[in-house]
Every structure is written in structure tokens, then in C-alpha cells.
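A.B. asks: The chain contents come next:
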Amino acid sequence: MRTHKQPCRLDTGGSSIQRGKPLRFSFDGKSYTGFEGDTLASALLANGKHLVGRSFKYHRPRGILTASSEEPNALVELRKGAFREPNTRATTIELFEGLVAKSQNRFPSLAFDVLSVNQLFSRFMGAGFYYKTFMWPSSFWEPVYEKFIRRAAGLGRAATLPDPDRYEHAHHHCDVLVIGGGAAGLAAALSAGRSGARVILAEETPRLGGSLSRTDIIDGAPADEWVRNTRRALEALPETQIKTRFCVFGYYDNNIFAAIERVGDHLAATPKHLPRQRLHTIRARKVIFATGALERPVVFDNNDIPGVMLSSAVRCYVDRFAVAPGKSVAIATNNDDAYHTAFALLDAGINIPVLADARLAPSALSERARQLGIRVQHAMLPQCAHGSHRVTALSLQRTDGAFAERVRCDCIGVSGGYSPNVSLISQRGERPRWREDILAFVPETNKTEDIGCAGACHGVFDLNACLQDGFDMGERTAKELGFDVDTQTAPSAPSQEAGAIHPLWRCPGNGKAFVDFQNDVTADDIHLANREGYSSVEHLKRYTTLGMATDQGRTSNVNGLAILALAQGKSIPEVGTTRYRPPAVPVAIGAFAGHERGKNFQPVRRTAMHACHEKFGAVFVEAGQWMRPRYYPELGENMEAAIWREAKLVRENVGVCDVSTLGKIELFGEDAAEFLNRLYINGWSKLPVGKARYGLMLREDGAVFDDGTTSRLGNNHFLMTTTTANAAAVLAHMEKYAQTVWRDLDVHFCSATEQWCGVSVAGPLARETLKAVFKGAVDLSNEALPFMGVREFVWNGTTARIFRISFSGELAYEVNVPWGYGEAMWERIMDAGRAFNIIPYGTEALGVLRIEKGHVAGSELDGRTTATDMGLGSMLSSKKQFIGLPLSRREGMTSPKRPSLVGVKPVKPKQRLRGGAHFVTDIAKKGKIESLGWISSVADSPAVGCWIGLGYIQGGHTRIGEKVTAWYPMKNEMIEVEICDPVFVDPKGERLHG
Amino acid sequence: MAEQLKIISPLMRSNFSGTARSDAPGVHITDRRGLALVQIFARPGKEESLVRRLDLPMQPGRSRAHSGSPADYLALPLAPKQWMLVSEGGKDGSFSQTIREYIGEFGYVSEQSHSRAVLRIGGTHARELLSKGCRLDLHPRVMSAGACASTTIAHVGVLLHQVDDAPVYDLLVYSGFAQYFWEWLEESAAEFGLASEVEII
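Residue numbers (this note's numbering), protein chains in the order written: chain A, 270 to 1263; chain B, 108 to 308.
Some clues are possibly wrong.
Distance condition first, Cα-Cα at most 27 Å in a straight line; then the derived DSSO-like pairs of lysine-lysine [claimed, not checked]:
| hint | chain 1 | residue 1 | chain 2 | residue 2 |
| --- | --- | --- | --- | --- |
| 1 | B | Lys113 | A | Lys1040 |
| 2 | B | Lys188 | A | Lys1005 |
| 3 | A | Lys1197 | A | Lys1166 |
Calculated from the structure, these hints are not laboratory results. Quantities reported herein were computed from a predicted structural model and do not represent experimental measurements.
Starting from the given sequences, assemble the full structure and let the hints guide the process.
C.D. replies: Laid out in C-alpha cells, this is it:
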């Protein structure tokens, strides 16, 4: 394999990389080599690439600031084509062979970017620039300004193709969730796990150990060895799970957590049998946060030039990846931690021109650094970084702002102190508490007992203290849950004397000093916002966009708050923090969707005869979750023609339609009839066994809820049918009343929707067809089975039910058999019906037939209409109470002005009706449009020979014969229509009873 | 002479049998065709009599296997005064008829044999597979053999019964959703390796 030289790779060291496994990758079209174990960031640095992107607003050159997931700068487009993912943090991308990445927000190239002219105008582009500039004229908002802003503001390009990756979900329960696999988290997992508790240790990165460095010693051994041993010990515990590449990003009520697992992101391609990512839900009895702390950058002029890095990141790249971030690394700090970076650099033979320490007095570590020959300068602050695409020098100043010296360097390691990583724990709404001694916010945990913190995430920074803290917390948590804990000693490390921290929020200067790198918010922007009255921290955040980028301001929030506090002459806790919300890290939308996308968006429900419909070439339509045949086109037939043919032939011969999807609810009990009396507006006590009745039920507010036929199969046995759409809602409605209101009734019910499948056989030849099917198993004569008659019988060894009910207005039967016999029934009916030219018909033709007959359906039961509106007022029983009765008598529900059901047809027979069109008054007379009602359903009727419709109009029946205008604003159509009786076909019901 | 009608099960028209194969399957899924299911309800005041008569479990979430008279069956509690009885045999309606006659005035019987597909899920990764959609805690400290629960997996209503401590589970899924549910299982089990078979009683 041809590999490229890695000019900035150190010859030795690098605990994370495997030098024997070189990997090739490309960045902006140029190929490079890194090692297995590298991140994209470490591999780019190994190749001397510091400039990796352009900033959001000013298009300033940007480099790599951190070595972890809070990275604000190094955002790249990863992969190609449909797999392309913008805004991926180079510091978290694990290198794989053939990785392809591109820089963002630059044109035409990273080194020469046209929009970087924004920098020249930057003095005019302060906080609120867009609000102030793109105000007038308002007609420009959408067509001009929005387009411009979107173009200028976008970071990265989303793939325009559908996401080709697969995602899934998973659920977990545990006694103790430990979030963070650093020293404190490992110690906590160990002591909690040993108690036998069910423990999940969640670590965001691929490796355990957190910020432990090469030189740390635990239990007398190098830290890496302790991590390996601890991992083995945890793996040996049967109830402890270690999850890596597993980032907990959301904390919800009752200790429910959401986490994203990167299953395939570190691979060149995710194997087919695996998802790319998994979204986990974790229900934890107790949780231990061990999320560590994040180093803060230092705010000084030009602090965003590539080569300016967090001191901890410098150390990490040197130690773990054997990368020299520079030949000459200057350090600026206000605390002890950066000294460890200096020691690591010294070990690696990298020159340190100066270590500028803002503190006035030396600490133990600074003395040690001096002894090692490092040039330590106290009371010295960074003033300004120099360079364009890479740092070339650093100017230093004294605390009074006087220039001190200019130091040549190609990298600056900065440390402004550590902020405990409180973003996750604070999602529960409790604001963190300021601790002046460490100049940081720590979580407030004493108010709730199901969460605990360990280590740096609540301000415990010393390694030995972290180990003890984690271990104790794990033990205590297990004990609180009732697990036995053997007394064991915590892992220990040599204690170190910690020096104090010195506040360093804004180093004096007049230039651009960035606070939020990702959203290009400077210290001056914060001052400007404050001057303009955005003094509340929440307003400041929204006006300046500080902390609103995808990194959620993890490196910028505390600096920003401190600068605002200084400007207002307040203390930092007085200014307060903004709210924290999930997700704490960016999560792909696909992961939230999981399996539920495309054809799996919701469960698909198929009837027993689904395969039969497919055989007949049915075009399906979704009815809720059900797949129903919409129509069965013949060769070369379009939808309209197929529907017309099906509706016509049912009235001429016979048709069969799958009605399995109707909700079926079986009721039992001595009080079942009484229960129905209370549910429906009409009476049920006198319904004889073997008869069906149409029923209408109301909601509590008096509007119509659902309708259907209910049959009495036995004295205490009923079968209710509901509309397809409302089946579940009706069952829930019944459960609510049976379980809570009418508990004294002897009534029991359950769904029978899928126990039985059903077909409707309709048309003048329906009886002849079914006679040929059942061959005497049931008497179908008008006398034995009159209209609304019901029979249960045995057909070829199986129970079958036949209901003489009709939606179409034709002679019709509904036949039910157990689910498994659906295909057999369908085939027998089609075979027997061949002699009668039987056809299958779909939901569209069913709709045409019921409109012709004036039967109401979903469009008429739209949740606003009353029984009287539908012309069914005579069904309202006056002899009983039922759900919805009291409120159905409200003034507005009984007003004679309410629109009620009528039929409608065009005056010119060729004209088409539109569902949703409004009946309107004569515009010429009144000068304005006034709606009298609307058309709810329309059909191209073969029986009538023109378009017909049902609708609601004020005055209802009294308008029959009147001509009004139907206006369809969607197409601005106005046609003249005639109001007529809603029953277009067989008003006397002769066909029905034939 | 009555001819036998062809009977199909909800998964017969899917790719269930034959397509899913693996050399070392971590999950076994069996389509248990031919079980008889009845849902029974106790009449007011007759609950104790019904429970005694049919040897029903009283503890919510715990099943009870009964053998002997009037038949062998497994009883799963569904709700207060409501159970599902599962029998190997009698899907033709004879099992529900037997129960109806046996309990007389103590309760009511709804024939449900065709309403659900029954999928048996076993193998080393059965629990892990279900955790991809099941929000219940299936850990042995919480659920053991005989546990049962009504829940939702992959947005489909499921009656779950833990058959043994291996663990093996029986999932009762509404027939209309069976094919969708199977497709979810197949996709979710891909990483473990999957073997499927049909059990006909």
C-alpha cells in the first residue's frame, strides 16, 4: 500500500494509534495517511493540516480547537452522495480506510474563500446584524431576504437523496446508569457492579479512560493498565454492561435517558445486517453522572486562528496520537492544568517558547516547570495571536494591558480553567450552582435522591479524589438500592497539590476575540447586546446566538456569562445560566425515526384476503393502518373508468367487496342491551335475536361520533360494527364507561375485528350467487332472511355468519367467516359468481354506491355534525338517557340555522362537483361571499348519469329544488348546482328488500 | 358431503417459511399455527366459581397451565375478570364450545382462535431481539417463566408470555398485523442470525 509521510507524527508514543495499520483518507480531494485509532482531527494534524474550515458568519479560517465532542470549529462533510453528512465533528470521526471528507462554508477553496470579504465588513455585522439590516421593506422578507440569509447562513450541505442507512431503537432497564467512562465513572461502575446491581456504563468515545494521561499512576501502575484491568473486571460481572460509542444525550423525567450508539460510523460501510446507529432508551433506577469537565478557551484577540488549541487537546494529541500540533507551542493559562501539557510537550521534544500564566504568584507546578527549563512568565496574559491560516506568533501583555513581548510559535495551547460538563444533568431543569473557588458551575444534586455525581462533573478535579468519589458513589448507590456491598478499597493515585485558578474572562484588547467559535460571537457582540438592552441571559443568547450552535456552547457559555456579568457589574451567579435541553449532542433525524420510515412509517394491517386482491390487480389505499383495495383496474383502464365500471356493474349484476376492516366488537352480558342503549342514540332492548339494527352514537359534546350496525346473536350476545377509522376509539370509549362509570352493569366485550373476516356481496344477483356458494347451508329466501336479518350457520365445517345489510342500497349480504377461511370464501364466491358476471369492487365504488343511496360516511361524520344535521334526528330516542344527550340539546346544536344534509347535482349535467366546495349566496346581490354550507362527498354516478354529491346547507330539505352556486376556491371554480333529496337511487327501498 | 375449506394462517402469504436461514442462528422463530384461543369473562359475582372451575391464575401477569378436564390449556390473565385460554387443538371451534359448556353460567366465551398469530421466539438472543421494540423489563430478576403482559412492540399490540427461563417467549399478535410484525422481527434479528419454522398442530 502506498502511504504518505505524516510530517507531524512523532516517532514514538501514541497510546491510541496502531502504527502497523496505516489508513488512507482524503480531505478536500487530497489524499493523506493516518493510523488506525486516529480521529480525522488527529490524522489531519499528523499531516500538518490545521486549517480545516471557514467560520459561520465571517468565513474566517478555522482550525481544530479540541480533541473531543464539544468541538465548535472542525466541522466537515463526511462521506459522499446519499451518505454525505454535514457538520460532522472531525474530533469524533474515527479514521477508516478510504474515508472521504470535505471542508465546509468556503468557495471556491478552503485557502481562498470569496465570502471571507465578510471580515472586512465585520464591524457592521455585529450582534443583531440580520435583524437590523433585513427589516424593510417587508415585502422583501420572503422572496429576497430569506433566500439571501439562508444562502449566507448555511453550514454544510445536507444530502438531498434519501438517507440510505438503517437505524433502529432499543430499550434498557438498569439499577445504576453510569454516564461517562473516565476514571470516576469506571470506579463507580466497579463498586456498583460488584454489588450485583444491574449496571450500564455508557461511554461516548470508543475507549475507556476519559482524560487519564500517559503519566498518571493508579494503584501503582500506569493508568492505561489500570483501565485495561478495570475493563476486564467489569466484563466479568454478569450484570454489568459496558457500552462504548454510546452517547447519552437526553435526560427526561423519571430517570429516563436517551442515548445514541454509533454502530457503523467508524466503518467504511455499515454491514447490511447492522444499523448505522441505534437510539437507546434507558430506564434507570439511579444514575451516576461522571461526565467530566470541559476546558474553556481563553478570550483574546484573534484567538480563532488555526493553531490555537485547548491545552488539554494539545496534550491529548501528543500523548494519545503521537502528533506534534506544532514545532513551537506557546502556552497561556490561568490554572495548573496547562503545566501537564507543558511536561508532555517537553517529553516529546517539542519547543515551548513561553508559558504565560495569568496568576500573579508561582504554584508548586510552576516551580517544577521552571526547574525543567520552561520559560514561565507570571502575571502575563495573551494579547493577540498573529497569522492568517496558521498561528505565527503570540503577543503577550501584562495584567494592566501593557504590551510585553511577541513570541514566535506555530501553535498556542490555551487553558481558561475547567467547567464541569453539566449540560446533561441540567436538562432536568435544575440550574447549576456557581462555585467561586473553582470558577465554575456545578450541578445541584442534593434535592433529589435518584441521581448522583462523581468526579470532575461536580468539581472534583484531583485524580485520587475522583477515584475515591466515583467508588464511594457507586457503593452508596448500590446500597441505597438494597444491594450488599463488600467493603473494598477504592483505587488510588498519588495526590497532587492543586494551585488556585485566576479569573481570566476577556484579555484586554480591541480586536476580534471570539467567545462562541461556531456561531462567530465575539466579546464585543456581548457588550453590544448588553448596551442595546438585551441584558437577560436568555435574551442575550437569542440576540447574539451565543451557545445556539450545534455544540450548544459547551466551550463558550461560561466565558460568555462572565463577560456579560462584568459588563453589568454583577456576579456570574446573578446573571445565571440559560436552560439546557436535549439533545446534548447532534443526533441524526434518521435515528429518531428508527425503523418507522418509508413503508414502515406505521404498522401495515392486511386483511385475510389481501393476497386475493393482489391477484386481481387491486390498487390499494391506506385506511388508517389497513390496506384496502381502492379499485381493480382492468387492462388499460384508468382510475375513473374503473370506479365507474365497478359501481355500474354492482347495480346491474353483483359485486363483492372486502369489508373485513370494519371494527367488530363482541358484547356479552345480561346488561349488554342496556349498555347499547346508553351508547347509542336509538333503542336496543327490543331488538330480537337474529336481527341487526343501524345505530348512531354521539360524543359527550353531542356531536356524532360513529355509526354502524349491531346485531343480536343471542339474548346476551351482540356483535357491534364500527367504521374502519373509529374501531379503536369506539372500543376505548366503551372501556372507559364500562370500567369507570357503569361498573354495575353485567357487560363484557372484546375486539373481534380480526377473528372474523367479511365480504359484502351486493347487487340484484347477490342472492343467486350466495345460493350457489352455500348450497343450502343457509336459507337465503326473503322470508327466512329478510332485510336486517342475521343468521349463524355451519358452512363446510366452519361457523359462518350472514347479515342482510346494505350500504349500497342493493340487495346485499355481508358474510363473515373466521380469518383463516377468508381466501377460501373469496374464491368460492368468485367461482360461483362467474355465471352472474360477478366483479370485485373497491372502496371508491363503495363510496359511489353509498352516495347514490344517500348514506352518510366519514366525510359526513366529520366530528362537527349532529344526528339532526344528517337527517337522522328521528332516531333520537326520547325514552332513555344516552351519551351526548344533554349537550346535544344546546342552543347551538339545535339551531334551525344549522346546515343539514341534502343531495346536490350540477345544473349542467356535464359539470363536475368538488368535495369541499361551498354553497354561496349570489355575490352580485350582496357584494360579499357568504357560505351557506358545503359539499361533503361527491361521485361520478353511473346510476344518475352525472356527478352527484351530499352536502350540508342551511335550510336543508326546504331548499330542495333551489339552485345555488357551489364555489371551489382551490381551483376558483363556480358552478350552478341544484339542491335535491340525498337519496338518488331507489328512494322506496325496493331493491333493498327484493 | 361437506368439503374441507382451505385454511390459511396470517404468515402464510409472507416470506416467513424458508427465506430466513442462518448457520448459527441466535434467534429461532416459530409460527405456531393451529392453536385455539378463547377469551373468557367472569359474570358479576361468579369470578371465584369461574376461577375454581377452570383453574385460572388470579395473580396479574402470571399464567397458569392446566391439564385434565375439560381440556389442557394455558390461561393468561388479560384484565380483571378476563383471561385468554390457549389450547393445542380445537381451533375449529370445538375448544371454545367445550369451555362454553363447561363454565355454563359462570362466564362468557369469545372465540378468538383466528384473531391472532402466535410466534414463539427463542435462541440465545431472544431477549435482546425483543428489547429492540419492547419497553418492558425482560430481565430474569423481573420476568421469569410464566410471566405475561399486554404491551406494544414496534407499534403493534402484543400479548407476551414467557414460556421458560431459557428464555423462550410466545407473542400473540393480531392477525392483520402479523406480516408487518414478522418483517420487523426479521430485520431486527438479522444481526443475530435467524432460523424460522412452522409448527402445525
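A.B. asks: Taking the earlier hints as the rules, which of them does this structure contradict?
C.D. replies: none
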